[in-house]
Amino acid sequence: MNALSLRNLKKTYNNGFEALKGIDLEVEAGDFFALLGPNGAGKSTVIGIISSLVNASSGSVSIFGHDLRREQAKAKSCLGLVPQEVNFNQFDTVKNILLNQAGYYGTPRKLALQRTEYCLKQMDLWDRRDTVSRRLSGGMKRRVMIARALVHAPKLLILDEPTAGVDIEIRRSMWSMMRQVNQQGTTIILTTHYLEEAESLCRNIAIINHGRIVENSDMASLLARLHVEHFILDLARPITVAPVIEGCHIELITDKTLAVAIPKEHGLNKLFSRLTAQNIDVTSLKNKTNRLEQLFMDLIDSNPTGVKR
Amino acid sequence: MNYCIALKTIVTKEIFRFIRIWPQTLLPPAITTALYFLIFGKLIGDRIGTISGASYMDYIVPGIILMSVISHSYANVVSSFYSSKFQHNIEELLVAPIPNWMILSGYVSGGIVRGLLVGVVVALISLLFTDINVNNVTITLTIAVLTAAVFALAGFINAILAESFDDISIIPNFVLTPLSYLGGVFYSVDMLPGVWQTVSMGNPILYMINAFRYGLIGVTDIDIQLSFLITGGFIITLTLFSLYLLHKGIGIKN
Chain A
1 MNALSLRNLK
11 KTYNNGFEAL
21 KGIDLEVEAG
31 DFFALLGPNG
41 AGKSTVIGII
51 SSLVNASSGS
61 VSIFGHDLRR
71 EQAKAKSCLG
81 LVPQEVNFNQ
91 FDTVKNILLN
101 QAGYYGTPRK
111 LALQRTEYCL
121 KQMDLWDRRD
131 TVSRRLSGGM
141 KRRVMIARAL
151 VHAPKLLILD
161 EPTAGVDIEI
171 RRSMWSMMRQ
181 VNQQGTTIIL
191 TTHYLEEAES
201 LCRNIAIINH
211 GRIVENSDMA
221 SLLARLHVEH
231 FILDLARPIT
241 VAPVIEGCHI
251 ELITDKTLAV
261 AIPKEHGLNK
271 LFSRLTAQNI
281 DVTSLKNKTN
291 RLEQLFMDLI
301 DSNPTGVKR
Chain B
1 MNYCIALKTI
11 VTKEIFRFIR
21 IWPQTLLPPA
31 ITTALYFLIF
41 GKLIGDRIGT
51 ISGASYMDYI
61 VPGIILMSVI
71 SHSYANVVSS
81 FYSSKFQHNI
91 EELLVAPIPN
101 WMILSGYVSG
111 GIVRGLLVGV
121 VVALISLLFT
131 DINVNNVTIT
141 LTIAVLTAAV
151 FALAGFINAI
161 LAESFDDISI
171 IPNFVLTPLS
181 YLGGVFYSVD
191 MLPGVWQTVS
201 MGNPILYMIN
211 AFRYGLIGVT
221 DIDIQLSFLI
231 TGGFIITLTL
241 FSLYLLHKGI
251 GIKN
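Taken in order, these protein sequences are the chains called A and B. Under our numbering, the first residue of the first sequence carries the number 1, and numbering increases by one thereafter. Under our numbering, the first residue of the second sequence carries the number 1, and numbering increases by one thereafter.
To be clear, the hints were calculated from the coordinates, so they are not data collected in a lab. Take every hint as true, because none was put in to throw you off.
Covered stretches of chain A (in silico footprint by chain B; criterion: 3 or more residues with CB under 8 Å from a CB of chain B, positions within the stretch not fixed): (1) 76-83; (2) 101-110.
Negatives, chain A to chain B, calculated, CB over 12 Å: (3) N39; (4) R128; (5) S176; (6) E265.
Backbone N, C-alpha and C define an ideal beta-carbon position, used for all residues, glycine too.
Work the whole structure out from these sequences, hints included.
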């Protein structure tokens, strides 16, 4: 069964802006799915419609087989949402935020208390349960939102830029939490601007641009389409002119740094042997950009009107 | 899905909200109305004499109690719902599988409870100045609950349509307070010149105050049945309008 099915979803705002031009999307149960796109592409509108915060102009949404219009309560019961912005009551304690959320989903008090404890411990917030939420740090507030979204044990969790603005350490620990939640059987849809995050966590991906899905495939197939990889090479000794190697595009960035664009079939061994032949020693190598980021930019740049390919 | 738990959660949250901030919600009406009773009821009232056979103090007590019920049931819902909108935590309810009528019931119940609680506080203060023998308990309680419901619903609509904190203070200051004062809190409508009596009949608060006054001290300028009919009519109309706004998502959804 699909966790989510979108059929010809369209949205035109009152000011005439056509945010979605007919979105069709399916997310399988148990998936960790990335929904990516540049700012203003329509991601938030899609999430808003799925979570009933935005009214669709036309089309349908089905969550675990329940149509969002006809079986609203059943469809909504399956869904947990972690929005982009902090939206809990800043004057309430962490524990009350979760207990209220459980109550909104009809969870009996005893079970709500157990689920609250479990989720707060999972998010490493149990010792903060009686803290008034406005006193928490930014990273903790984000974790409160994830714990809140999980307290009614949703089958589908939507994470809308959950790690925006948090430091690397917290981001990594949140990735680990998200993986754990997914492994426990919860389907996750993730939107993020950190493409490394999507590449690291997600198995399937859709890219949305100008209100249309311009790419929808599994992550491995998508990355396999990357024909050219970009590397930065640090050199042991300074050089004055960029070396010329057939099949590669090499630029001199500084006298000890090269930017290399190399076709996948070319192979790094061949590159290094040619550089060695020219008496250029490489001390370190790194990707110029994240692989998914490169693909993402290629897709967006080559498809400025958002027409499905 | 257990809807009773969901409704209980909203109502409990609303009640704890105003109880937690009782110095802002329950204490001020006690002080303000004590001053009303002292200045208007005691100092000035002793020189006015009786209205419809009741002492001036006894005459104004029901109006002041109901005026407090009106302003606080309204204030509770408008401030709570608008704050939720402003902080975006109304989204918690919109995302959850809670039907619109339940969101409305939860907030309105919170408003009714605060209105009635303030009414009880003001009634207790009034006992420091006069003795009240309730004429008809059923009418008194029923009209108090219905009036609180009318203004809790009105507060809900105001909060939904409001786009700024200014918008939630305009109606209480420029509509509710004048209508309350002109609704016969301090005088009998019979004391007004002819044309103003007719104008006053267009003020719904006049009907509610008179029904409450009848329930409390047995004095009224208005037919009680008509008062209940008008109050009930307002409840039905405002409920339907609130549900329409929620259904369309006006003011809360894109």
